[in-house]
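**Q** Each chain is listed here by its residues.
Protein chains: 2
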Amino acid sequence: MDVYISGVGMTKFGRFKDPLENMMAEAASIALKDAQVERVDAIYLGVMNAEEFVGDSNFAALLADTLGLTGIPSTRVETASSTGAGAFEAAFYAVASGHMKQVLVLAGEKMTHLSTAKATRILSEVIDRSERRYGVTMPALAAMIAQSYGHEFSLSPLKLEDILSQVAIKNHSNGSLNPYAQFRKMITKEDYLKSQVVAFPLRLYDCAPITDGASAIILTSQPTSIKVSGIGHATDTSAVRHRASFTSFNSTKEAAQKAYVMAQLNPSDIQFAEVHDAFTLFEIIGTEDLGFFKPGEGWRALEEGKTHLRGSLPINPSGGLKARGHPVGASGLAQLVEIVYQMRGEAGRERQLEKTEIGLAQSIGGLGNNNLVTILERGDRKRIIGEGWSPDYQPDILAPKKRRTSQLLEGIGKLKTFTTLYATPEGFRSPLTLALIETESGEVVMACNPDVRSPKTLKMEKKVYLKTREGLYVFEKLTLWCRLKRWLKLHQNDNKGTEFTKR
Amino acid sequence: MDVYISGVGMTKFGRFKDPLENMMAEAASIALKDAQVERVDAIYLGVMNAEEFVGDSNFAALLADTLGLTGIPSTRVETASSTGAGAFEAAFYAVASGHMKQVLVLAGEKMTHLSTAKATRILSEVIDRSERRYGVTMPALAAMIAQSYGHEFSLSPLKLEDILSQVAIKNHSNGSLNPYAQFRKMITKEDYLKSQVVAFPLRLYDCAPITDGASAIILTSQPTSIKVSGIGHATDTSAVRHRASFTSFNSTKEAAQKAYVMAQLNPSDIQFAEVHDAFTLFEIIGTEDLGFFKPGEGWRALEEGKTHLRGSLPINPSGGLKARGHPVGASGLAQLVEIVYQMRGEAGRERQLEKTEIGLAQSIGGLGNNNLVTILERGDRKRIIGEGWSPDYQPDILAPKKRRTSQLLEGIGKLKTFTTLYATPEGFRSPLTLALIETESGEVVMACNPDVRSPKTLKMEKKVYLKTREGLYVFEKLTLWCRLKRWLKLHQNDNKGTEFTKR
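Protein chains in written order, with the working numbering: chain A, 1 to 503; chain B, 1 to 503.
Any given hint might turn out to be false.
Treat identical chains as interchangeable: a pair holds within one or across any two.
[Said to hold, decoys possible] Taking lysine-lysine and the DSS-like style, the derived pairs with C-alpha atoms no more than 25 Å apart in a straight line are:
| hint | residue 1 | residue 2 |
| --- | --- | --- |
| 1 | K402 | K414 |
| 2 | K463 | K402 |
| 3 | K101 | K227 |
| 4 | K33 | K402 |
| 5 | K17 | K118 |
The set of hints was computed from the structure by calculation and includes no laboratory data.
Note that the structure is predicted; figures quoted are calculated from it, not measured.
Using the sequences and the hints given, assemble the complete structure.
**A** Right, dumping it as structure tokens:
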């Protein structure tokens, strides 16, 4: 059964005093009014972590009651930072099954009442435990991916910095036109450069802010002007180090492929998109993973203005997570609300795009391991599904790396990527240098070096010495002394026939 | 599209050292093997509160990876303590929509590694904030419901105690035959009476234990021997005091009605059931709410042996939450696993029921405000859906009480129900007497009295004096002095024309 959108709503995103349930009720009531319905058959509620952000569980029941819809079935759905899109997907199947006629999807998060350190700690819980215990945060992982991207596509540090700043400048410019955005100010390259480094090479202006807000959509089996034409969803390895690529996300590519196949559309059919720019580079990678541009060429499209508001393929007309704000549970659904506003010509004169028959939203859960891609299409668009369509999107899905048992090893390794984290989580000393290191047996491990105070002294692909301390990998520069130690150990363990010393 | 079950699996429930993801992987691999499939189209993951119990979010992605199903879409679903049933429902719609052919539903919780006080605090977060701040716990609310039940159906305290003990004795007896159960020992009435009072009148043996465990089911669109024939889901007021009845659950009744209509079956068609006995009385109320017995007569059916393993309508052949254990996220799905074992004749000689063509599971979320009812039926059962069926289940769904703005009032009220809580949450002094009190304007409020050391001095429907202290309602016995204070206040406030003094 086909599924349509009959109403949308959202609160302004930002820093608010209202309790989460009130913000969500506000978004819901706008969407219900927009759809001209008073009751629904079910509620699908997206909140990423009400338990720790606001101290409540059983939030689905609370919301049904708060909305005056006491009795209505209410289900909470969570897929980390793509939760809003995840709730939309679950609701989509409920309507598509024919068992539900009208469903409210409601997503929100309240975060700004906590200290940044506490919010960062809660957000870090999406990271695999084995990496989190090194003090790794989301910006730290994103920074390591940025380093990899720069290296793989031979961008100088200055060039990489310039590209990242351009994403921030573009999205702040779009956000300045969006009445729902948390940040409505334009920024300049100078502002960008003045902002503090959070995790080298990422600055504060590379990271989506901490935000409160809610968004809502009504799904219906009755045809309307907006049809849900494709949904794709995919996961990836829990630990980032187990992935074959640090410059693209399998989970986006697999999700996109499924969405394109369901919609019988190709990347070239998409006229505009909301892309999960929790970190500036993720927008660039997103546009590549979605098949809009070739790997390593997304930044060129940005430079050429293609992804600008008046470009040929506008990306994040809303201002994106960067400028609209990122209430983690709400963002995935807010992207779809923006697409609907654009499709209906309700985005406001300055922000309104011209071609809005087909829009796409891509949402990232965790560090790229629970992603969704959703395609909306004008309901009155004349086409015979499948006619003349042949898939031209064949992404390169890379098999995860082989994993070894987690026995700690010592020896020489190669620096695959690294960052120096300045905003460390509670309990970790700042700055903290973190790295992904490939051992001689081909395994990639997370490691830290609390003594490296500046990332400038490190180089990609350089050999380092890997040792263990208190159950963690610690790396150090490969000095003559290290080489000697290694040589000595080799000879100590000759009979073991391995270059690594098991602890 | 019809939906069938092709595989089930669960771990033994109890107290284990393994991390949650390993227990869930064990349950999943049993179910996948049982269904003879290696891959699925999606995973629906039920965990109630991994954030606080085990300190992880993004659990859906973690599990896909742990299972070696990296890439497969994975969605976490949560409906408080009915989470396992909620995940099953979401997965059901995914398959019913035709978009998914084969789906893994996987549910689990790990709780025993925390202190009872901490686990109780986390479990209490399902309770409405306005009631939780009085120190109210789940056993406290269940105890107040038990007091109401005894009062409404004129059961003496001794009689009520006897009925409750019978549920515990029956379920421990069933559990003793279940290799998956946490408790495999029979208990006697003497054992029951020896167990400590947790919240008067409920004893330790009235409460489901704290448990670790996981359960899994494979849903498929391919016909198998077990068909999902009905699912119903309903919520209720977030705060218990807003409900019109304290002796039945609207949410069970509404969910049951939907499930019976979808399955085109009536309560009399059900041959056995798993009923959410988080507290012994909830099994009795459940069998009434589901239409098996009339309100106030569930206990008679138990006394007559009807709900015993060899009775005419066996309830909780697994041992129920009471004896099998209650890993909160897993229980709703484990009930369905038990039903499948019974339907396939795999419950083991001693526990195997005779008539198992149609089984029902009822799962309670929170304190009865996010409940699900699921009906499974033998896939080869010959019947023409709808033929000759007319609904004979017309439950009395009671509208919630009118709510007033939460301005604190002082004055005389009537004791609707009460409990003395001995296992108080951190920060509250023990014992703590709690009550639901009806004010003269008909509003029901939660109130506490830290000076009442024993519940025996209180009586249902008795008048009490309600005052406010530090933003909370406190009640005290209506002495002459209270009456005088009230009379004085009345005359002070003559011009306000109200019996209550606004603070």
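**Q** State for each hint whether it applies.
**A** Verification of the hints:
| no. | hint | verdict |
| --- | --- | --- |
| 1 | K402 - K414 | within (17 Å within a copy, 68 Å between copies) |
| 2 | K463 - K402 | within (21 Å within a copy, 71 Å between copies) |
| 3 | K101 - K227 | both (14 Å within a copy, 23 Å between copies) |
| 4 | K33 - K402 | between (52 Å within a copy, 24 Å between copies) |
| 5 | K17 - K118 | within (18 Å within a copy, 29 Å between copies) |
Comparing the model with each numbered hint stated earlier shows that all of them hold.
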